[in-house]
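On the provided structure of chain G, position chains C and V with the ligands as indicated by the hints.
Protein chains in written order, with the working numbering: chain G, 1 to 557; chain C, 1 to 437; chain V, 1 to 491.
In short, the hints are calculated from the structure, not lab data. Mixed in with the good hints there might be a few duds.
Computed footprint of chain V on chain G, listed as stretches where at least three residues anywhere in the stretch have a Cβ under 8 angstroms from a Cβ of chain V [said to hold, decoys possible]:
(1) 75-87
(2) 362-374
For lysine to aspartate or glutamate, the following EDC-like pairs were computed, each having C-alpha atoms within a straight-line distance of at most 20 angstroms [what the hints assert, rightly or not]:
(3) G/Lys536 to G/Glu488
(4) G/Lys114 to V/Glu313
(5) G/Lys135 to C/Asp311
(6) G/Lys4 to C/Glu71
(7) G/Lys312 to C/Glu222
(8) G/Lys536 to V/Glu188
(9) G/Lys114 to V/Asp255
(10) G/Lys454 to C/Asp388
(11) G/Lys135 to G/Asp112
(12) G/Lys135 to C/Glu350
(13) G/Lys348 to V/Glu313
(14) G/Lys348 to G/Glu360
(15) G/Lys71 to V/Asp464
(16) G/Lys4 to C/Asp63
(17) G/Lys348 to G/Asp270
(18) G/Lys348 to V/Glu312
(19) G/Lys473 to V/Glu188
(20) G/Lys454 to C/Asp12
(21) V/Lys423 to V/Asp23
Yeah, the Cβ is synthetic: ideal placement off N, Cα and C, and Gly gets one too.
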Amino acid sequence: MSRKIELPPQVRSELERIVGARHISTDPAMLSAHAWNTGVGKVPGAEKFAGIWPVAVVLPESTEEVAAVVKCCARHKLHFKAHSTGYGSMSNACSPETVVIDLRRMNRLEIDAKNRMAIIGPYATAGALQAEALKHGLTCHIVGAGPAHSPLASATSLLGVGVTSQGTSMNARNLLSWEWVTPQGDIVRGGTAGSGCGWFAGEGPGPGVRGMIRGFCGAAGGLGVFTRIGYKLYPVPVTGPQEPTGRLPQLGMRIPDNAGFLHAVWPDWDSHRAATFELLDENLCFAMLRMPPDHIGWTVTGSNADYVDQVKRGALPEVAQPASDRNWTLLTLSRSPAEHAWRLGVVKEIVRRTGGRILELTDEHAEVLFRNLFTSQFVPRVLRPSGGITTSFGVLDSFHFLPRAMEAGQECLAGENLPGGKLVEGGREEHWSWPHEGRYLWTENIINFDPASKPARIAAARALLDHFAISWKNPVGVMALGLGPVMELQGEQIGAPQRYIRQVKNRLDPGNASRSNEYVLPVVPKPVAAALPMLKPVILSRPVLGLMSRVVGTKGM
Amino acid sequence: MHSPQTLEDRRDFLARCTRCSQCKFVAAPRSQRHASACPSIDYGQFHAYSGGGQLIMAYGLLDGAVPHSAEMAGAVASCTMCGNCDVSCKINFGETVEPLDSLYALRAQLVHDGHSPAPHRKMMERLRRSGNSCGQPRAERARWADGLAFDGMGKAEVLLHVGSGLAYEPAGWPGLRGVVATLHRSGIAMTHLGNEEGSSGSLAFDLGYVDEARMLAQGLIEQARQSGAGTLVTFSAAALSAFRSVHPRFGLSFGPMRVLHITEYLWELVEQGRLSLAPLPDLKGRPVAYHDPCKLGRLSEPRQTQDSGLDNRMSGILVSRTPSALRFGNGGCYEAPRALLRAMGVDLVELERHHASSYCCGACGGVRETVPEAAALAARNRLAELQDSTASILVSACAGCTGHLAEHAGSVGRAVQIQDLLGLLAQALRPVPALAG
Amino acid sequence: MGIAFTENASRLHAPAGIACSIDGAELRSFASDGDTPQGHVPRAVLKPRSTDEILSLIRWANDSGTGVVPVSSTGRRRRGDTVPARDNVVIADLSGMNRLLHADARDKIAILEAGVDFGTVDDLLQPHGLRALRPLSPRAGKSVLASFLEREPPINANDHWDVADPFGGTLLVLGNGHCAPTGGAAIEGTLAEQLARGHRQMMPIGPTNLDLLRVLQGAQGSLGLMAWAALYCERIPTMERGWFASADALEPVIDLARELLHHRIGNALFIVDRVQLALLLARDAAAFNALCGALPAWTLFVGLSAGRQAPEEKMAWQQADLRAGGERHGVGLAESLAGHTATALGQRLRVAEPVSFRDRVSGAHRELFFLQQLDRAAGFVPLVRDGLTKAGLGHLPLGVYIQPMAQGVYGHIEFTLPYDPDKADDAQRSAAAWQAAAERCADAGAFFSRPYGAWSDLAYRHDDGIRSMMALTKSILDPAGVMNPNRLPYS
Ligand code: SF4
Ligand code: SF4
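Next comes chain G alone, as it looks inside the complex (with noise of 0.2 angstroms):
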């Protein structure tokens, strides 16, 4: 453990009036889990605990408990850093003076059917967000962490794609009207909700201004605290909860009436892209997702046992066997049995037409792969067969890139996850994909390693920081990845928005109170920030590399 700060006592006395004395803690068994480094998305070093832990942890029920905590850091010069689920400790203290500010009491959830959307709080997660919506034939987005993740967290503070984009969008488009604590403990509502006027429509009047705070990524906690949003819903035709198919942990969903869910396959690359380019058409499709086969081997078995079994005897079904990696699974919705028989028809249609066929799926592994598509629930399975994970080739841009998104996720995995190399097994590359609102590919190339293993840890180091490299080579599409350090060498050549980003830290936060490793480094020298650039080949050449890995993979980052 870092420098241990202790709480002064008044301070904690004023904590306790805002929050009530049972809500605040200083003890480590209550802080650990606001230390534990879990690494997810990225590489852990060998300790399990963070070097920094923070001096305390409230749990604050209102904006105003909000508000109040944050002025109260403010006057004491602590910092402060908001946690909804915590999911995978993406938001750690940053610093030891930090007061974590833990969101559970702030679970509003409610649903305004009609209009299609819902008023939620930092911890209405998307499990029950869904369970809510549902009843009113209504779905929300649900990003790869899965069920249990904050809805509000994403739109408002990280990125916000999960594998439904193609019918449910990206928070930062789901986001509606908001209400914020600035870092100074300033209440803020942006939009609707400001004028009172309902929590519907997020800009105006006038600029957006949300826009400054709120961009592809959101600040991860640097600027403030978000504590109530509008969200937008999607309207499908299912109503009611509902109960699962299969036996625990195969959870699997009925596949409704007039749902078309077909797993296809296709030759090559080539005509997987034409396929797609035909299947984005006129809304066919409610989800498209293209997982690595391994991965869908996971998803398909209930345990790591079960999968390696399967493997080892060639038992696993031809959707998670390795030649099926030019996949698309497709799920259409329609609402007649007309419809129905249109999009069914059509989307058959293409596949053949393209070249591609499709695969034979028992009842019970296409009911767990629909729950999957549909409620996101075994994305966080990537994480099952080694506990790590990191990503690369976070791209966005026309599916014309997705040949060559597979050869870069390919190239940057170097071949360490065939057998005998330091990287979990795998296909090709690792790549999951899916369209946004039938218009622009996502595609992230998944790294599992052993996070126990440190030669691991440096593997997986280098396919990250490798994938940047390639990627500034020959551009693959938006980086999605362009956060914080990165963007310091990439911001100068498109647009440097880097330097807008500062301002608005620093205006909005000029003593860093709300600490975030993931937002904008609030303070660059200029002749580093001038350099930074210059020395980008540098940083990217291989030796460079090679050590910056073994450096993460150590350290942890």
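Same frame as chain G, now just chains C and V with the ligands:
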């Protein structure tokens, strides 16, 4: 000799908690109100109160980063050891985290380090002294049986195990006695262990007193063996859970003796045509919900005496060495109580959380005695779920659940009725006369 | 008319190479618009032809302390946002930047310069098999980019996922004199290099922690301007047919619209009352009056279309669903009303005319629009109508237009009051009545996301910190305050 895993044995499992929070929620929630899986976090709110949070705390304890403290003990003591987190976690993490085994190990560590919460210590003292955690006199353990006829040791085909919860709960005796009387009338040769009936070790194990749990288990097994009966039928959900999922951790078993819960046994007799169930006029056509007691449900899923280690395959995939022994919550005793209810003509409805995802009533794991507010909150949450269903009658097959839920039934709005399954069975069970010839 | 003003071009020291006009008549034409009688006369109209020229214009403005009011549309402007609100301002007239830079049916995307207007856009796109998403019958001279930058809602409600639609990536020039590529355009290389690599600027958000497109939308040119943008387009359908769904009350019509939106049926969907529909259909006053007498009270226009995938089949199930929905909600379906077919109206909506359809009959109109959820829309109609009656203006026709936005999460609710500008009494009294109507709507929950004219102050009467966020934004993106000065309340 087999021993349950220590916290040190669990180190790598603890390390693998991804802090995903899935263990706070049931796998397939049907509403926000009843999405929680974990009564402990519902009470404590801090992440450390959840299954995953306890794993992290436990790792800190091993690592030296987290010293013992009253707050840690408070969080640990608020956990009912209900195992719901285990079911939810395994949905995605299979064999790699298995939180419940670590929760047992954490409690054992607290005991080992001398930090067992004071109420736990007290319960254990009473258990040592009088064979039950409430300190009831040993001499009154078999009072429930006064006046009932039994077959002597060595002559009985069935040994009845009552458990301290019911043995000292006179309100439950009419049901118990009624069922026993019907069995008797059916010609089943039965016996019981009288005042000397031992504890299954369930509570001791829950509280982290591993060695004592082993001794208690051994003692009861020995008693049972001496009875000469071929079948052990327990009225206690906690005991069944111990027999099926705790004793194997010690490598202990009842050997060739069959071990059944009373509901399983009765249903078997019904299916064999030796007993029948008459419809209960009071309940006819009324929707009735069944509360799966944790101990009877997911915690009774049989565990094998096993090596729960993992192998590293395919460059990092962690694979159970004994995959056939993996438990996901499917193997609990869920169907027999439901079948019995249905056979009584009851219109059975499911609460939002049922079977393996059933929400704990708050009574177990020593919580009722140690953190009564936490236990009360869990009961109220469960009763709210009943209120949100179409049923107003809740039946449980565990005397502990029934008593605890009934105690709090008054504190929730709409009138609800808590019924012990045993009491209903006592009214409905009929011996079927043996067919001539 | 505004302040008399003469200047010669050399005194202006405008950046070399940018076409510049100081023609008095032209300058004066920018000092007022359709509903802003008197503003400041700009010093010059500068007409950049490229992003580089825009940049040097803005940098010059920063150096010289000159204000810049961007204008991309031509013809009769309205709403005051392009009328200088102080002196020492030049107009940045982008209407000459009217090239289609790229179009691509495969990705349904086209890259347009700021000056491309609704009069020409479909002709430019047609060879590529595409056509633009469009607001309700925009006038021909209206810039496509400016329209969506002002958050004008497209009638293609099912494709309006989010307020940023139909934008993909864009290139902004900020008040600070720097380019800011947004979304899919924020990637290494020039546009030509990006296109050559295969990028299609399809992402509407970002880069990274910023979303400047969203910031500049609704800013009325007060933070920066847009040089070009990738816009999502519609593939030209292979089959298309329009329907009118009408009822005496608004609620069932909204219910049907909601249902269609929830089912994602219809490539165009909007609701109009009889006056607004008559304005859309009529070519002259006589026809207008006749239509007002003949049309149903409320009508949902539904455009059904099908593309290249089994179009007949698609049309069939869509029509069946529409019919069933109509029956369910008690809304009558018709292919034509008062001799006008919906299909023909659908086609007409794609042909932009020089004059707004709202002015066609009476010569002028007042407008009032705001956002609210669709289930609250009906409540505003009597508020405005009764107010007019009380003001003795019951004889004026009042048009209502409701445009579902964000796929039905909320709607743009618009009132149109056509009047004869030559009837001074009507003109004057309606101005006051209109202000009162705006206030009543504000009290009833109207959200003025686009603060113009009568309601620009009302929009800011609540201040939950938004004005300080606006001030922060202005100070970062346009620190010298050159962009459309005094237009929005930044301080
Ligand atoms: S115990 Fe399991 S479900 Fe809970 S946080 Fe840890 S990994 Fe997630
Ligand atoms: S055993 Fe039950 S009470 Fe304890 S942490 Fe797990 S779910 Fe919560």
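Going down the list of hints, with the structure as the test:
{"no.": "1", "hint": "75-87", "result": "violated (count 0)"}
{"no.": "2", "hint": "362-374", "result": "violated (count 0)"}
{"no.": "3", "hint": "G/Lys536 to G/Glu488", "result": "holds (10 angstroms)"}
{"no.": "4", "hint": "G/Lys114 to V/Glu313", "result": "violated (29 angstroms)"}
{"no.": "5", "hint": "G/Lys135 to C/Asp311", "result": "violated (44 angstroms)"}
{"no.": "6", "hint": "G/Lys4 to C/Glu71", "result": "holds (18 angstroms)"}
{"no.": "7", "hint": "G/Lys312 to C/Glu222", "result": "violated (45 angstroms)"}
{"no.": "8", "hint": "G/Lys536 to V/Glu188", "result": "holds (14 angstroms)"}
{"no.": "9", "hint": "G/Lys114 to V/Asp255", "result": "holds (9 angstroms)"}
{"no.": "10", "hint": "G/Lys454 to C/Asp388", "result": "violated (51 angstroms)"}
{"no.": "11", "hint": "G/Lys135 to G/Asp112", "result": "holds (11 angstroms)"}
{"no.": "12", "hint": "G/Lys135 to C/Glu350", "result": "holds (17 angstroms)"}
{"no.": "13", "hint": "G/Lys348 to V/Glu313", "result": "holds (15 angstroms)"}
{"no.": "14", "hint": "G/Lys348 to G/Glu360", "result": "holds (13 angstroms)"}
{"no.": "15", "hint": "G/Lys71 to V/Asp464", "result": "holds (17 angstroms)"}
{"no.": "16", "hint": "G/Lys4 to C/Asp63", "result": "holds (16 angstroms)"}
{"no.": "17", "hint": "G/Lys348 to G/Asp270", "result": "holds (18 angstroms)"}
{"no.": "18", "hint": "G/Lys348 to V/Glu312", "result": "holds (17 angstroms)"}
{"no.": "19", "hint": "G/Lys473 to V/Glu188", "result": "holds (10 angstroms)"}
{"no.": "20", "hint": "G/Lys454 to C/Asp12", "result": "holds (15 angstroms)"}
{"no.": "21", "hint": "V/Lys423 to V/Asp23", "result": "violated (32 angstroms)"}
Of the hints listed earlier, those the structure fails to meet are numbers 1, 2, 4, 5, 7, 10 and 21, in rising order.
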